[in-house]
Amino acid sequence: MREIWAVAEKDLRIELRSRIVASQVLPFALIVLILFGLALDADKATLRAFTPGLFWITVLFTSILTIQRSVAVEVESEAFESLRLAGTAPWRIFAGKALAVSVQLIAIEVVLAVGVIVLYRSSFEAPGVAAVGALSATVAIASAGSLYGVLAVGNGVRDTILPMLLLPVLAPVLIGATRAFDAGLGTAAVNGWAWAGLLGVVAIIYGTIGAAAYGVVLEDA
Amino acid sequence: MSAAIAVEQAVVLLAGFPALTGADLTVEQGSITLLQGPNGAGKTTLLRLLAGLAPLSRGSARVLGRDIVAQRREVRGLVGLLGPSSMLYEDLTVRENLEFWARVNPKRTYQTDAVVERLDLGATFDQRVRDLSTGQRRRASIAAVVVRRPSVWLLDEPHAGLDQQGRNIIDDLIIDAAAAGASVIVASHELDRVRVLASSVATIAGGLVIRHEQLGGRHGSPRSPFSPGESGA
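As they're listed, the protein sequences go chains F and C.
Counting from 1, position 21 in the first sequence corresponds to residue 20 in numbering that gives the first Met the number 0; the numbering is continuous, with no gaps.
Counting from 1, position 62 in the second sequence corresponds to residue 61 in numbering that gives the first Met the number 0; the numbering is continuous, with no gaps.
Just so you know, these hints were derived from the structure itself, not from any lab.
Take these hints with a grain of salt, some might be off.
Claimed, not checked - Now the in silico label distances, taken between C-beta atoms and shown as ranges:
hint : chain 1 : residue 1 : chain 2 : residue 2 : range
1    : C       : 119       : F       : 109       : 43 to 49 Å
2    : C       : 66        : F       : 123       : 33 to 39 Å
3    : F       : 211       : C       : 66        : 35 to 41 Å
4    : C       : 171       : F       : 106       : 53 to 59 Å
5    : F       : 159       : C       : 64        : 41 to 47 Å
6    : F       : 105       : C       : 57        : 48 to 54 Å
7    : C       : 64        : F       : 23        : 47 to 53 Å
Source: prediction; values computed, not measured.
Where a beta carbon is used, it is the ideal one built from N, C-alpha and C, also for glycine.
With the hints as constraints, model all of the structure from the sequences given.
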C-alpha cells in the first residue's frame, strides 16, 4: 500500500502546487454547464429533466482533461522510465494514479453538483444513491482513463487520440451514472440502487483490467 | 571478484535500426568501467539495455545473475540509471522528489539525509525543482538515483552541466559506490576525468564493444553510506 499512497500523494501534491485542475479544468466544467443551459434556452424544467445526463457528460469531458494532466505530469519529467525502474509492481503505480484522478474528479463533481443546484435549480432527493453511483462511476472513469492515458502516450498522439479511445469505453458508465442520478435527483422512476450496483461491477471490472494491463502499456510509454 | 554484468552477443534494434550489433561486455562487482565511443556508437543503448529499458533482440544479458529478459523487474530494482533528462517532478521540491523515489522502492534503505549532505544539496532541499539551476538540477537527479541504493550504477554523462565542485562530488560518489561493492558504468566523453577513476575502459563503436582494457581496481571505505541494497550485494 505504501507505494500506492506514494504515487497518489505525489500526483495530488503536484496538483495542489500547479493548480492546473483547479484553475483550468474546473472552470471548463462550469462553462460547459452554463453552455448547456444556454443551448437549452434556460428552460428550467428541461434543464432539471436532463440534469443527470448533462452532469455526467460534463464529468466525462473534464475527466479527459484530468487524465491528460495526470499523464502529462509523468511525460514532462520523463518519469515513466523512472517508474519502470522503480522495481515496484505496475499495478501499484496504476492504483496510485487512478486514486489521485478519482480524488480530483470527486472534487470536480462536488462543485458541479452545486452548479446544477444553483444553475438548473435541481435538487438531490435521494442523495445516497447519487453519491454511491457517483463514487462507482468515478472509480470506473479513473481506472479506464489511467490505463488509456498511458496507452495513448505509447501511441505518440496522446492529446488527440485519448478522447476517441476513452469515450466509447466510458459509454456504459455514462448510461449507468445517468440512471443512478435520475433516481438521485428524482427526474425518472428508475431503480437507482440497481444502476449504482451495476456501476460498482463496471468499476471492479475496469479496475481489474487496468491493474492487469498497466504493466504492458507502461512498457511502451 | 564475480561478474556483476555479463553481456553476450547482444543485439538491440531500435525502430528497426541495429543500435547494438552483437555487443559483449563483462563487468566485475565493485568495479568502475568507463564506456567510451563516438556519438551514436551505442553507449546509451547499452546502458538502457542493462537497465531493462531497451529490448534485447538476440544474445543474452545478465545483471547480478538475473536474466535481463526473464527477470526484468528484478533487474530494474537493482540498477540506477542516470540519463540525460532530470526525471524529477518540476512542481515538487528536491526533498519531496527524493522521498517519493525512496518510497516507491520498498526494498531499499532510506538515506535521503545522507544523500543530500553528500551531494551538498542542503540549500536547495526545500526548493522546487523548476526553480533550480541546471547544475543543481543535475545534482538532484543524481541524488534521486543514489537514494535508491542501486547495486549497479549506470551513469550517462554524469558530469554534464556540473561545476568543478559538483564534478568532484560525483567522482567521490562513484569511487565510494564501487568501494562499497556496487558496479559502476560511466558513459562519458570526458575521458581524462573518468579514466582516472576507472578500473577498466570499454570502447564501443558501431554497436560493438571493440576493446575492453583493464586498468586496475579501486577500493575505498567499506563503511560508505552509499553501499548497495541487500538484494543485489
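We went through each hint and held it up to the structure:
no., hint, in the structure
1, 119/C <-> 109/F: 43 to 49 Å, "holds (45 Å)"
2, 66/C <-> 123/F: 33 to 39 Å, "violated (57 Å)"
3, 211/F <-> 66/C: 35 to 41 Å, "violated (23 Å)"
4, 171/C <-> 106/F: 53 to 59 Å, "violated (47 Å)"
5, 159/F <-> 64/C: 41 to 47 Å, "holds (45 Å)"
6, 105/F <-> 57/C: 48 to 54 Å, "holds (49 Å)"
7, 64/C <-> 23/F: 47 to 53 Å, "holds (50 Å)"
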